[in-house]
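Quick note, the sequences are listed as chains A and B, same order.
0 is the number of the first residue of the first sequence in numbering that gives the first Met the number 0; add one for each residue after it.
0 is the number of the first residue of the second sequence in numbering that gives the first Met the number 0; add one for each residue after it.
Think of the hints as simulated: they come from the structure by calculation, not from any bench.
All C-beta atoms in this analysis are idealised placements derived from N, C-alpha and C, irrespective of residue type, glycine included.
Among the hints, erroneous ones may be present.
To be verified - Derived lysine to aspartate or glutamate pairs resembling EDC-like cross-links, with alpha carbons at most 20 Å apart:
{"no.": "1", "chain 1": "A", "residue 1": "Lys249", "chain 2": "B", "residue 2": "Asp50"}
{"no.": "2", "chain 1": "B", "residue 1": "Lys266", "chain 2": "A", "residue 2": "Asp50"}
{"no.": "3", "chain 1": "B", "residue 1": "Lys251", "chain 2": "A", "residue 2": "Asp178"}
{"no.": "4", "chain 1": "A", "residue 1": "Lys266", "chain 2": "B", "residue 2": "Asp50"}
{"no.": "5", "chain 1": "B", "residue 1": "Lys249", "chain 2": "A", "residue 2": "Glu164"}
{"no.": "6", "chain 1": "B", "residue 1": "Lys249", "chain 2": "A", "residue 2": "Glu120"}
{"no.": "7", "chain 1": "A", "residue 1": "Lys266", "chain 2": "A", "residue 2": "Glu222"}
{"no.": "8", "chain 1": "B", "residue 1": "Lys159", "chain 2": "A", "residue 2": "Glu222"}
{"no.": "9", "chain 1": "A", "residue 1": "Lys144", "chain 2": "B", "residue 2": "Glu248"}
{"no.": "10", "chain 1": "A", "residue 1": "Lys103", "chain 2": "A", "residue 2": "Asp50"}
{"no.": "11", "chain 1": "A", "residue 1": "Lys103", "chain 2": "A", "residue 2": "Glu216"}
{"no.": "12", "chain 1": "A", "residue 1": "Lys267", "chain 2": "B", "residue 2": "Glu271"}
{"no.": "13", "chain 1": "A", "residue 1": "Lys176", "chain 2": "A", "residue 2": "Glu164"}
{"no.": "14", "chain 1": "B", "residue 1": "Lys159", "chain 2": "A", "residue 2": "Glu165"}
{"no.": "15", "chain 1": "B", "residue 1": "Lys267", "chain 2": "A", "residue 2": "Glu271"}
{"no.": "16", "chain 1": "A", "residue 1": "Lys159", "chain 2": "A", "residue 2": "Glu140"}
{"no.": "17", "chain 1": "A", "residue 1": "Lys159", "chain 2": "B", "residue 2": "Glu272"}
What the hints assert, rightly or not - What follows is a list of derived Cβ distance ranges for each label pair:
{"no.": "18", "chain 1": "A", "residue 1": "Lys176", "chain 2": "B", "residue 2": "Arg57", "range": "49 to 55 Å"}
{"no.": "19", "chain 1": "A", "residue 1": "Lys249", "chain 2": "B", "residue 2": "Glu202", "range": "35 to 41 Å"}
{"no.": "20", "chain 1": "B", "residue 1": "Gly225", "chain 2": "A", "residue 2": "Glu164", "range": "39 to 45 Å"}
{"no.": "21", "chain 1": "A", "residue 1": "Lys64", "chain 2": "B", "residue 2": "Arg223", "range": "49 to 55 Å"}
{"no.": "22", "chain 1": "B", "residue 1": "Glu236", "chain 2": "A", "residue 2": "Thr158", "range": "49 to 55 Å"}
As the list claims (entries may be wrong) - Some residues of chain B that are not near chain A, with every Cβ distance over 10 Å (derived):
{"no.": "23", "residue": "Pro29"}
{"no.": "24", "residue": "Arg54"}
{"no.": "25", "residue": "Ser244"}
Number of protein chains: 2
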Amino acid sequence: MQNLKEAPIGVFDSGVGGLTVAREIMRQIPQERIVYFGDTARVPYGSKSTDTLIRYTRQIIRFLKTRGVKAIVVACNTASAVALEAVRDELDIPIIGVVRPGAKVAAEATRNKRIGIIGTETTVNSGMYVKLIQEHLPEAEVIGKACPLFVPLVEEGWTKDPVTEEVARRYLADLQKSDIDTLILGCTHYPLLRHMVGDIMGEQVTLVNPAYETALELRALLEREGIANDGENKNFENPYEFFVSDLAEKFKTFASSILPCDVTSIKKINIEEY
Amino acid sequence: MQNLKEAPIGVFDSGVGGLTVAREIMRQIPQERIVYFGDTARVPYGSKSTDTLIRYTRQIIRFLKTRGVKAIVVACNTASAVALEAVRDELDIPIIGVVRPGAKVAAEATRNKRIGIIGTETTVNSGMYVKLIQEHLPEAEVIGKACPLFVPLVEEGWTKDPVTEEVARRYLADLQKSDIDTLILGCTHYPLLRHMVGDIMGEQVTLVNPAYETALELRALLEREGIANDGENKNFENPYEFFVSDLAEKFKTFASSILPCDVTSIKKINIEEY
């Protein structure tokens with residue numbers, strides 16, 4: 000059991016977005032090790048089908064298990080929405096996604112029971128946020144809006160740009176008129192646009208970032224299962240390991256800019272072999 | 000040999016963009032059959048590495064060969080720029096890309112020997128357009144500019160939108176000042192923005208769409224090799240077959256909107272198995 004306690008958490012995403020979730024885990028439970036995988040060879044997931052994303056998720060889980068992980072975090076809203084339930088029963092370790100924690104905190108935050116959700120096409124079309132919010136709050140009205148240009152705009156680095164603001168105003172126009180009081184940032188890239196989205200929606204709308212709640216839920220899960228690391232990760236030479244399916248320079252730049260640690264080693268693997 | 004003459008042409012791209020090349024082939028050599036493959040499960044290619052794109056190209060060629068193709072057209076600037084030369088010697092059938100024909104026609108079109116090229120990051124960074132233009136015109140000056148947001152903007156359908164125009168003005172600003180008289184649309188999505196790009200660059204700049212020249216070069220190649228179809232493809236029940244690695248509804252919509260034929264059957268295959 001001591002070995003299992005010291006095992007790392009597997010965290011994966013289609014690319015760099017899930018690093019915002021890894022960052023929250025590093026902040027909330029700094030004693031845990033992390034093996035991060037970014038599927039940069041097949042990014043993005045947001046416009047791909049359920050079948051394909053389930054296949055990709057299975058491959059990534061097989062890879063993470065070779066690294067001896069004790070639990071897995073699906074740090075991608077799209078994969079959490081369409082693939083997580085399909086693979087959960089195939090696993091002998093706990094797995095959590097970002098959609099369930101995000102839905103829970105939104106259901107708790109709303110006062111008028113009107114919640115907005117922005118995300119990729121596949122996430123919004125899946126209806127998974129609606130389903131999970133209504134498990135907590137059956138009478139909730141949930142209004143979804145896909146924002147396909149947000150990810151490329153963030154990856155271009157235009158997070159404080161008038162072009163992005165114009166795109167955001169257009170995507171958010173219907174949500175502004177819909178009297179929501181809570182808005183879920185349902186894609187791991189979107190916290191990087193939170194100030195712009197917040198300014199457009201106004202201060203009466205609470206923004207929910209599922210990453211924060213996911214890290215808290217992970218901590219509770221590890222304690223409940225008796226596999227939380229009770230030591231300090233500083234005993235490990237390399238507490239955070241990063242793997243990608245394509246060696247994009249962008250990954251290193253992005254990771255170094257948002258993580259509170261040095262990203263010294265990023266290894267490339269062929270995910271199709273798993 | 001008659002069998003080979005009646006065999007189809009394999010055409011592939013990361014997704015829908017290569018359909019603009021398929022369209023030119025349908026127009027220029029309507030008697031030829033086409034097997035089209037769009038790698039929609041791994042799209043886009045434009046920000047991925049050379050190693051990964053060579054691996055993907057090899058898989059796709061293996062798949063197309065199972066369909067009995069007599070020649071292959073790499074209808075993707077990025078794969079043409081970084082993968083084509085690596086796989087050419089492994090093949091026993093002819094293969095052509097879009098970069099060489101585009102470079103040739105640009106070298107012929109320029110009067111002041113100053114040529115611009117816009118494309119994905121990987122295409123522009125590869126330097127392949129520069130190399131091939133200078134084979135025809137050693138003293139040519141070639142100025143490249145990556146335009147990563149053009150593909151997502153076209154896929155969002157915003158081809159005549161003020162947001163896209165603002166993005167285009169920004170991407171093209173340096174090229175406008177650079178005194179080029181010829182600009183290569185070095186990505187198969189960009190012909191859908193040709194009017195906007197043309198208006199911004201002005202009428203003194205000739206726009207080159209490599210798709211047109213590629214279809215002509217394919218016709219010449221088939222005749223030179225003695226494998227051109229001398230019949231009429233109307234003898235075949237289904238002259239144009241479409242395969243994708245992910246069944247995105249978008250593919251069918253896009254294909255139907257730009258092709259001069261009905262796209263009735265699109266089959267999904269698992270490209271990782273090839």
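Hints, verified against the model:
| no. | hint | verdict |
| --- | --- | --- |
| 1 | A/Lys249 to B/Asp50 | holds (16 Å) |
| 2 | B/Lys266 to A/Asp50 | holds (14 Å) |
| 3 | B/Lys251 to A/Asp178 | violated (36 Å) |
| 4 | A/Lys266 to B/Asp50 | holds (14 Å) |
| 5 | B/Lys249 to A/Glu164 | violated (26 Å) |
| 6 | B/Lys249 to A/Glu120 | holds (11 Å) |
| 7 | A/Lys266 to A/Glu222 | violated (30 Å) |
| 8 | B/Lys159 to A/Glu222 | violated (54 Å) |
| 9 | A/Lys144 to B/Glu248 | holds (18 Å) |
| 10 | A/Lys103 to A/Asp50 | violated (26 Å) |
| 11 | A/Lys103 to A/Glu216 | holds (11 Å) |
| 12 | A/Lys267 to B/Glu271 | holds (18 Å) |
| 13 | A/Lys176 to A/Glu164 | holds (17 Å) |
| 14 | B/Lys159 to A/Glu165 | holds (15 Å) |
| 15 | B/Lys267 to A/Glu271 | holds (18 Å) |
| 16 | A/Lys159 to A/Glu140 | violated (31 Å) |
| 17 | A/Lys159 to B/Glu272 | violated (42 Å) |
| 18 | A/Lys176 to B/Arg57: 49 to 55 Å | holds (51 Å) |
| 19 | A/Lys249 to B/Glu202: 35 to 41 Å | holds (37 Å) |
| 20 | B/Gly225 to A/Glu164: 39 to 45 Å | violated (59 Å) |
| 21 | A/Lys64 to B/Arg223: 49 to 55 Å | holds (53 Å) |
| 22 | B/Glu236 to A/Thr158: 49 to 55 Å | holds (52 Å) |
| 23 | Pro29 | holds (32 Å) |
| 24 | Arg54 | violated (8 Å) |
| 25 | Ser244 | violated (8 Å) |
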